[in-house]
Structures are given as C-alpha cells and as structure tokens.
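> The chain contents come next:
There are 2 protein chains.
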Amino acid sequence: MSKSSELPIVPADGCCAPLSGPPLTEDEAAELAKVFKALSDPVRLRLLNMIASVPGGEACVCDLTGPFELTGPTISHHLKVLRQAGLIEGERRGTWVYYRAVPGALTRLSGLFALPSLAPA
Amino acid sequence: MSKSSELPIVPADGCCAPLSGPPLTEDEAAELAKVFKALSDPVRLRLLNMIASVPGGEACVCDLTGPFELTGPTISHHLKVLRQAGLIEGERRGTWVYYRAVPGALTRLSGLFALPSLAPA
DNA sequence: TCACTGCCTAGACAGATGTCAAATTAGAAG
DNA sequence: CTTCTAATTTGACATCTGTCTAGGCAGTGA
Chain A
18 MSKSSELPIV PADGCCAPLS GPPLTEDEAA ELAKVFKALS DPVRLRLLNM IASVPGGEAC
78 VCDLTGPFEL TGPTISHHLK VLRQAGLIEG ERRGTWVYYR AVPGALTRLS GLFALPSLAP
138 A
Chain B
18 MSKSSELPIV PADGCCAPLS GPPLTEDEAA ELAKVFKALS DPVRLRLLNM IASVPGGEAC
78 VCDLTGPFEL TGPTISHHLK VLRQAGLIEG ERRGTWVYYR AVPGALTRLS GLFALPSLAP
138 A
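Residue numbers (my numbering), protein chains in the order written: chain A, 18 to 138; chain B, 18 to 138.
Keep in mind the hints are simulated off the structure, nothing from the lab.
None of these values were measured; they are calculated from a predicted model.
It cannot be assumed that every hint is accurate.
Copies of the same chain look alike in the list, so a pair counts if it fits in one copy or across any two.
Said to hold, decoys possible - Each computed DMTMM-like pair below joins lysine to aspartate or glutamate, with the alpha-carbon atoms no more than 20 angstroms apart:
no.: 1; residue 1: Lys54; residue 2: Glu43
no.: 2; residue 1: Lys51; residue 2: Glu75
no.: 3; residue 1: Lys97; residue 2: Asp80
no.: 4; residue 1: Lys54; residue 2: Glu106
no.: 5; residue 1: Lys54; residue 2: Asp44
no.: 6; residue 1: Lys97; residue 2: Glu75
no.: 7; residue 1: Lys97; residue 2: Glu108
no.: 8; residue 1: Lys54; residue 2: Glu75
no.: 9; residue 1: Lys97; residue 2: Glu48
no.: 10; residue 1: Lys97; residue 2: Glu86
Put together the whole structure using the sequences plus the hints.
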C-alpha cells in the first residue's frame, strides 16, 4: 500500500498558479488534468466526500462499499484512482484498510480558481 | 450560440458545500462530476487558462487554435465541452467567435476544497 | 451572385474507462 | 494448518472520449 509510485500529481509544492493567471505549460496542464480526471466520476466524488467528512478523518473501506450499488472490486478501483491522484492515502490496520484525505491536496486545488483581480500580481 | 440548453452544471447558486463538508447527494455528485470531467483534459485546461487569462477577458477562437497541434474541429469540440459545463461562453461577432470565462463558475469551484477545520461550522 | 474564410457539425475509428466475475493476497481466529 | 473474511488484482466486456476527415453554415467582400 502507498507505494512510492503513486504520488506525483497535485501541482506540487509551488502550486497556486490560478487558472485565470499565467499561462499553463503543457506539463502543468497534463498533471492538473490527472487530478481533475480523478474527480470526474460521481462515485469517486462521493467517496472522497465521505472520507474527508468523517469525524475521525479516517474511513474504513468496509463502510464505503455499502452506500453504493457497486461491487467491492469497483470501489477498490475508484479508491486506487483517488490514491494515485494524491487525493487520499490508505493504511492497513489488521483486517481492515482505512483511508483519509490528503489535506494539502484539497487546499492546493482551491487556489486554482482564484480570480486574478482578487490576487495581487 | 449559447443556447439555453447548455447551462446546468456548476453546483448552482447555493453552492459551497465543500468536499470535506456535508455528504454529497447522488445528484450533486453527478453534476459536479460533469464540471470536473470538463476540466480533466490537458487541452481544455489550457484553453480555459488562455481564455481566462487574456487581458480583455475575451479570446478569439482563431487565436486558440494555433498553440495546439490539433485540427480546428477538435478545438471546437473542446470549447463545446467547456461551454456545456458552464465554464465559458461564446459569442459570434462578424466573422469571428469570441469566448470568455464565466466568472462565477470558477469562484464557485474554489469553495469546494475548503477544509472543515478552517471553515466555521 | 460568386468565391473565400472562420467555425461548427456529422460520422468514423482507436484507445481509455467503468463495471463485473473470478482469482489472489493479508490478516484473524479456530 | 485450515478456514474465514476484507480488500485488491486480473482479465474481459460494453461504453465513452479524443481525434481526424469530410461536409455544412455564416459572414465578408468583389
């Protein structure tokens, strides 16, 4: 779980070049697109929402499968996509696997939609 | 252009149920997913970025085709997707068609990524 | 009217994506 | 060791998506 090959993604450190701001390079656009692609499925959005809104900050996979009329493998697939996008991370404890949101990932995305007129050049 | 059938999308007025906040309904998730799907392509991200960052706020399609190694119809297709997602709107003036970003759409998305700990309940 | 240009639509096609059933791995408990 | 449960991986399948070529519509200007 959480192999080192799953991290790239979210604009990275510097981040915060808003969409309305300076021109996006081809590479930046490609990387950003991966994150939005991960968010472009209703099931994944609800999964992320469930994980991010759980009181303790952690959700067990066993609790994430029930609310959907989908098989286990399908949920597992969606969780993997979110994980590979750097939006969530998972940890196995005993029999169960728990996921939590990567806080930096969400806040970084927030900056993308700022308007140039509201942000000091 | 800009037929009335192209608007739905972005969470709408109330908006601002952050991803980390209250549970997303199935319908909300589906509608949000459409917007993210529109943003999930590198070409569309760069198109939106180009349109949103142009000084006058408007970009001519004729200026959007050059930077890509893609045919006109393909650019046209991507612009249509962005338009149907409510992110941009287009207007024909004489020979040329101009697109501009829908400002409310971008700012609305910004609120989705707020963290619960940072937002007053 | 005719020709030319800018943009869009229609149709086709390869490749990506969401889903499931079956098989596999990891840990818990007899 | 064996068995049971939780979660993932694999492989297959139908559908969706990005791209192109060909063709159509709108506006300009001779």
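> Now tell me if each hint is right for this structure.
Going through the hints against the structure:
1. For the identical chains of this complex, Lys54 and Glu43 are neighbours both inside a copy (16 angstroms) and across copies (18 angstroms), given an alpha-carbon limit of 20 angstroms.
2. In the homo-oligomer, the alpha carbons of Lys51 and Glu75 never lie at most 20 angstroms apart, since the shortest distance is 24 angstroms inside one protomer and 27 angstroms across protomers.
3. For the identical chains of this complex, Lys97 and Asp80 are intra-copy neighbours only, at 16 angstroms inside a copy versus 39 angstroms across copies, given an alpha-carbon limit of 20 angstroms.
4. In the homo-oligomer, the alpha carbons of Lys54 and Glu106 lie at most 20 angstroms apart inside one protomer (17 angstroms), although the nearest pairing across protomers, at 22 angstroms, exceeds that limit.
5. Within a single copy, Lys54 and Asp44 get their C-alpha atoms as close as 15 angstroms, and across copies as close as 19 angstroms, so both meet the 20 angstroms cut-off.
6. Proximity of Lys97 to Glu75 under the C-alpha cut-off of 20 angstroms is restricted to the intra-copy arrangement: shortest distance 16 angstroms within a copy versus 39 angstroms between copies.
7. When the C-alpha separation of Lys97 and Glu108 is checked against a cutoff of 20 angstroms, the pair qualifies only within one copy, where the shortest distance is 12 angstroms, while the shortest distance between copies is 41 angstroms.
8. Taking CA atoms no more than 20 angstroms apart as the test, Lys54 paired with Glu75 passes in neither setting, with 23 angstroms inside one copy and 27 angstroms between copies.
9. For the homomeric pair Lys97 and Glu48, the shortest alpha-carbon distance inside one copy (17 angstroms) is at most 20 angstroms, but the shortest distance between copies (22 angstroms) is not.
10. When the C-alpha separation of Lys97 and Glu86 is checked against a cutoff of 20 angstroms, the pair qualifies only within one copy, where the shortest distance is 18 angstroms, while the shortest distance between copies is 32 angstroms.
Consistency note: the structure conflicts with the earlier hints numbered 2, 8.
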